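The chain contents come next:
There are 2 protein chains.
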Amino acid sequence: MSKFDKYFLMSPSDAAEYAAEKLSIFCCDCELDSKEIGDGNLNYVFRVWDKNSDKSVIIKQAGFTARISEDFKLSPDRNRIEAETLRFQGDLAPGLVPVVYKYDDTLSCCSMEDLSDYTIMRQALLQHKIFPKFAEHITTFMVNTLLLTSDVFLNHQEKKSLVKSYTNPELCEITEDLVYTEPFNDYKHRNDVFLPNLDWVKKELYNDNELKLEVAKLKFDFLTNAQALIHGDLHTGSIFVNENSTKIIDPEFAFYGPMGYDVGNIIANMIFAWVNADATMDNEEECINFKNWVENTICEIIDKFKAKFMKVWKEEAKEVLAKTPGFSQWYLSQVIHDTAAVAGLELCRRIVGMAHVKDITSIENESARLRAERICITVAKGYIKNRESYLFGEQFVNTLKEVEYEFPR
Amino acid sequence: MSKFDKYFLMSPSDAAEYAAEKLSIFCCDCELDSKEIGDGNLNYVFRVWDKNSDKSVIIKQAGFTARISEDFKLSPDRNRIEAETLRFQGDLAPGLVPVVYKYDDTLSCCSMEDLSDYTIMRQALLQHKIFPKFAEHITTFMVNTLLLTSDVFLNHQEKKSLVKSYTNPELCEITEDLVYTEPFNDYKHRNDVFLPNLDWVKKELYNDNELKLEVAKLKFDFLTNAQALIHGDLHTGSIFVNENSTKIIDPEFAFYGPMGYDVGNIIANMIFAWVNADATMDNEEECINFKNWVENTICEIIDKFKAKFMKVWKEEAKEVLAKTPGFSQWYLSQVIHDTAAVAGLELCRRIVGMAHVKDITSIENESARLRAERICITVAKGYIKNRESYLFGEQFVNTLKEVEYEFPR
Numbered sequence: 001m002s003k004f005d006k007y008f009l010m011s012p013s014d015a016a017e018y019a020a021e022k023l024s025i026f027c028c029d030c031e032l033d034s035k036e037i038g039d040g041n042l043n044y045v046f047r048v049w050d051k052n053s054d055k056s057v058i059i060k061q062a063g064f065t066a067r068i069s070e071d072f073k074l075s076p077d078r079n080r081i082e083a084e085t086l087r088f089q090g091d092l093a094p095g096l097v098p099v100v101y102k103y104d105d106t107l108s109c110c111s112m113e114d115l116s117d118y119t120i121m122r123q124a125l126l127q128h129k130i131f132p133k134f135a136e137h138i139t140t141f142m143v144n145t146l147l148l149t150s151d152v153f154l155n156h157q158e159k160k161s162l163v164k165s166y167t168n169p170e171l172c173e174i175t176e177d178l179v180y181t182e183p184f185n186d187y188k189h190r191n192d193v194f195l196p197n198l199d200w201v202k203k204e205l206y207n208d209n210e211l212k213l214e215v216a217k218l219k220f221d222f223l224t225n226a227q228a229l230i231h232g233d234l235h236t237g238s239i240f241v242n243e244n245s246t247k248i249i250d251p252e253f254a255f256y257g258p259m260g261y262d263v264g265n266i267i268a269n270m271i272f273a274w275v276n277a278d279a280t281m282d283n284e285e286e287c288i289n290f291k292n293w294v295e296n297t298i299c300e301i302i303d304k305f306k307a308k309f310m311k312v313w314k315e316e317a318k319e320v321l322a323k324t325p326g327f328s329q330w331y332l333s334q335v336i337h338d339t340a341a342v343a344g345l346e347l348c349r350r351i352v353g354m355a356h357v358k359d360i361t362s363i364e365n366e367s368a369r370l371r372a373e374r375i376c377i378t379v380a381k382g383y384i385k386n387r388e389s390y391l392f393g394e395q396f397v398n399t400l401k402e403v404e405y406e407f408p409r
Numbered sequence: 001m002s003k004f005d006k007y008f009l010m011s012p013s014d015a016a017e018y019a020a021e022k023l024s025i026f027c028c029d030c031e032l033d034s035k036e037i038g039d040g041n042l043n044y045v046f047r048v049w050d051k052n053s054d055k056s057v058i059i060k061q062a063g064f065t066a067r068i069s070e071d072f073k074l075s076p077d078r079n080r081i082e083a084e085t086l087r088f089q090g091d092l093a094p095g096l097v098p099v100v101y102k103y104d105d106t107l108s109c110c111s112m113e114d115l116s117d118y119t120i121m122r123q124a125l126l127q128h129k130i131f132p133k134f135a136e137h138i139t140t141f142m143v144n145t146l147l148l149t150s151d152v153f154l155n156h157q158e159k160k161s162l163v164k165s166y167t168n169p170e171l172c173e174i175t176e177d178l179v180y181t182e183p184f185n186d187y188k189h190r191n192d193v194f195l196p197n198l199d200w201v202k203k204e205l206y207n208d209n210e211l212k213l214e215v216a217k218l219k220f221d222f223l224t225n226a227q228a229l230i231h232g233d234l235h236t237g238s239i240f241v242n243e244n245s246t247k248i249i250d251p252e253f254a255f256y257g258p259m260g261y262d263v264g265n266i267i268a269n270m271i272f273a274w275v276n277a278d279a280t281m282d283n284e285e286e287c288i289n290f291k292n293w294v295e296n297t298i299c300e301i302i303d304k305f306k307a308k309f310m311k312v313w314k315e316e317a318k319e320v321l322a323k324t325p326g327f328s329q330w331y332l333s334q335v336i337h338d339t340a341a342v343a344g345l346e347l348c349r350r351i352v353g354m355a356h357v358k359d360i361t362s363i364e365n366e367s368a369r370l371r372a373e374r375i376c377i378t379v380a381k382g383y384i385k386n387r388e389s390y391l392f393g394e395q396f397v398n399t400l401k402e403v404e405y406e407f408p409r
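These protein sequence lines map, in sequence, to chains C and G.
At position 229 of the first sequence the residue is numbered 229 (UniProt numbering), and the sequence of numbers has no breaks.
At position 161 of the second sequence the residue is numbered 161 (UniProt numbering), and the sequence of numbers has no breaks.
If you are wondering where the hints come from, they were derived from the structure by calculation, not from laboratory data.
Since the model is a prediction, treat every value here as computed from it, not as a measurement.
Keep in mind that the hints are not guaranteed to be accurate.
Where chains are identical, the list cannot tell them apart; a pair therefore holds if satisfied intra-copy or between any two copies.
[Unchecked claim] Derived DSSO-like pairs (lysine-lysine); straight-line CA-CA distance at most 27 Å:
#1 Lys-6 to Lys-401
#2 Lys-212 to Lys-102
#3 Lys-318 to Lys-308
#4 Lys-291 to Lys-308
#5 Lys-401 to Lys-129
#6 Lys-102 to Lys-323
#7 Lys-55 to Lys-188
#8 Lys-318 to Lys-73
#9 Lys-212 to Lys-318
#10 Lys-212 to Lys-308
#11 Lys-217 to Lys-306
#12 Lys-247 to Lys-358
Please work from the sequences and hints to get the whole structure.
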């Protein structure tokens, strides 16, 4: 018998004991210390390290309620989905996700590679650091994890069993509400709009019927389109970076959904970094340099994604109709249209919904924040309404720059 | 212990014994007789009746291989899917499916209402009988079973668990191959083309790249679009009729797929009845009357489907965005476009694929059959390529009549 034979919510010292007993990482002469370092809404994250060596491990445990509220009940099955997704993505995109050492079904915890020498990308972008290899890495990650889990590549029976295994009803519902519904009607009365923008938001989001019709169509695509195993929460807070390497973490929202959901989230969060720099950087040259890097990165993400997608399709596609003339081009163009739409949704929901991003909330100057938010939402509406005209990276950036001039400082 | 405690393939006398032991249908003084009456490719169907009363039952059993070939291995889980679907559809569309008495997981058999006083609709249509209430019944069935199993009506978490439960990989693969692939490339070399039409079929189907591109798009919709719990094999051989009543049977292909798949199959099979009459009926007035009834029925099926769909949507939709202005109209128009496309696919695959329909194969006159097949395939290509222009029942019929004149007798 071991204390870890049945579920309980671990303390930091439990996590250290767990690591010593269950993981074969540390030597017998180790001296373990442990700390809870989680800052998300849902889970507990323990870092366990040996004071006598450089060995360490991350243990992420899911509770039966969310970390932020006892009232928010949530199945710990999300931890299984996260662990299985990390392993699957690690096979498909080697080196781009942390290594999983063990998934423990009893404790709903996943032990994985410690990435403490990396920085969370959002924090780094808020310091206006640039990552020249990011577009290269993230596009490899997305093309491999998306295209190679789709019916283009997988045997269709095998794919159907993956769809079952990655069914993720509770976390999908969070997205269905927070991304696809509430930003456009506040029907749960929990939007959190920056007060000076409230009337403008009502007019631009809650009262734009053309926009709401497009959002309804997109919501049903998210509800029904089992296209690929998507990460499901691919913002810059789910990415660890350093100068040479990128690691994508936290795929607990993973399920079979539309590919554009991942690509669009990345684009939107790059735009948040851009508006933050635009609103807060005093040194004009540095500001222009950073914004240029973001713009180039947005272009590169779209265009490298497309180029790699076509290459992998050509080399790896197994579906017999995949080689039909014109089909891969058509399929990819749909993904890019979806990307534009989802980028728009993410831009809206982070501005007006309950889950903000620091890129926006850290803008202290009121009129600068007001302008930054309006730029984001105006870009968003263009992306959503005109999504079928987006095909190239440059178009995504051009919309941003056009909208920038609509809102003079 | 009972002999029915573990799986074996029943004989007719086993089925009678099973009915006596496991079902509470017959009295103790009954005298049971039994016969295997199945004529499908996959399963065994026993009719068990009491010689001393009017009581009877149908017992449908699935083997671990298909009835037609020991080499064709197939999970008997299809019997569970069929039984659960019949029960679910019976709740959603009362009176339009046979009553299920018992599903037996051990023997993979389903005991249900005996409909021997009904006729299989395809056989009745081959005798050129008309069923004035059919459009009314089938549209109620389709609207209720499709719309009420979709995200428009169901709680999205509940719907996701239904998607899992109705995952049907093996039977979907049959459709993916026979409907969405082989008719357009014969890549498994098992198409069975009427020889006098072979060159024409090669030109019109195998060598039409524009058509093949549209088919590839449609195949991926079938592979990914978990829209509603569809019947999955809704042709006139899956429908029992009499003058006043309609019963839809055999939903073993059921899974979460595109709504238009069911509606399109019905339309295509009505067209088969039309071309059969056109090719074989000697009495001109009777022929015109029958064809008129089919044409009106096609119109009614589309238009009543649309009217009932809008009514049920208005009364029953639970999804918060369902009332978004214009959304229900847009959603329904997509279903009708899909209907046109699927009608086209079904028309093609029954003409050139391995699973024919008697409406075509029973046309004895060679030039009449040749013409009938060309009418079907030409209509089909219009439905597939121009699917986005189809919105009203009349348009479906107009295409048929236009094509009829392209091929003078």
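Hint by hint, here is what the structure shows:
In this homomeric assembly, Lys-6 and Lys-401 never come within 27 Å of each other (Cα to Cα): the closest approach is 56 Å inside a single copy and 70 Å across copies. Proximity of Lys-212 to Lys-102 under the C-alpha cut-off of 27 Å is found in neither arrangement, the shortest distances being 44 Å within a copy and 46 Å between copies. Proximity of Lys-318 and Lys-308 under a CA criterion of 27 Å is satisfied intra-copy only: 17 Å inside one chain copy versus 41 Å between copies. Taking the shortest Cα distances, Lys-291 and Lys-308 sit within 27 Å of each other inside one copy (25 Å), while across copies they are farther apart (54 Å).
Taking the closest pair of Cα atoms, Lys-401 and Lys-129 come within 27 Å of each other only inside a single copy of the chain (21 Å); across copies the shortest separation is 67 Å, beyond that limit. Proximity of Lys-102 to Lys-323 under the C-alpha cut-off of 27 Å is found in neither arrangement, the shortest distances being 39 Å within a copy and 46 Å between copies. In this assembly of identical chains, the alpha carbons of Lys-55 and Lys-188 never lie at most 27 Å apart, being 46 Å within a copy and 55 Å across copies at closest. For a Cα distance limit of 27 Å, the shortest separation of Lys-318 from Lys-73 across copies, 23 Å, qualifies, whereas the shortest one inside one copy, 41 Å, does not.
Taking identical chains as interchangeable, the C-alpha atoms of Lys-212 and Lys-318 lie at most 27 Å apart only when they sit on different chains, with a minimum of 17 Å there against 38 Å within one chain. In the homo-oligomer, the alpha carbons of Lys-212 and Lys-308 lie at most 27 Å apart only across protomers (25 Å), although the nearest pairing inside one protomer, at 33 Å, exceeds that limit. Taking the shortest Cα distances, Lys-217 and Lys-306 sit within 27 Å of each other both inside one copy (24 Å) and across copies (19 Å). Taking the closest pair of Cα atoms, Lys-247 and Lys-358 come within 27 Å of each other only inside a single copy of the chain (21 Å); across copies the shortest separation is 59 Å, beyond that limit.
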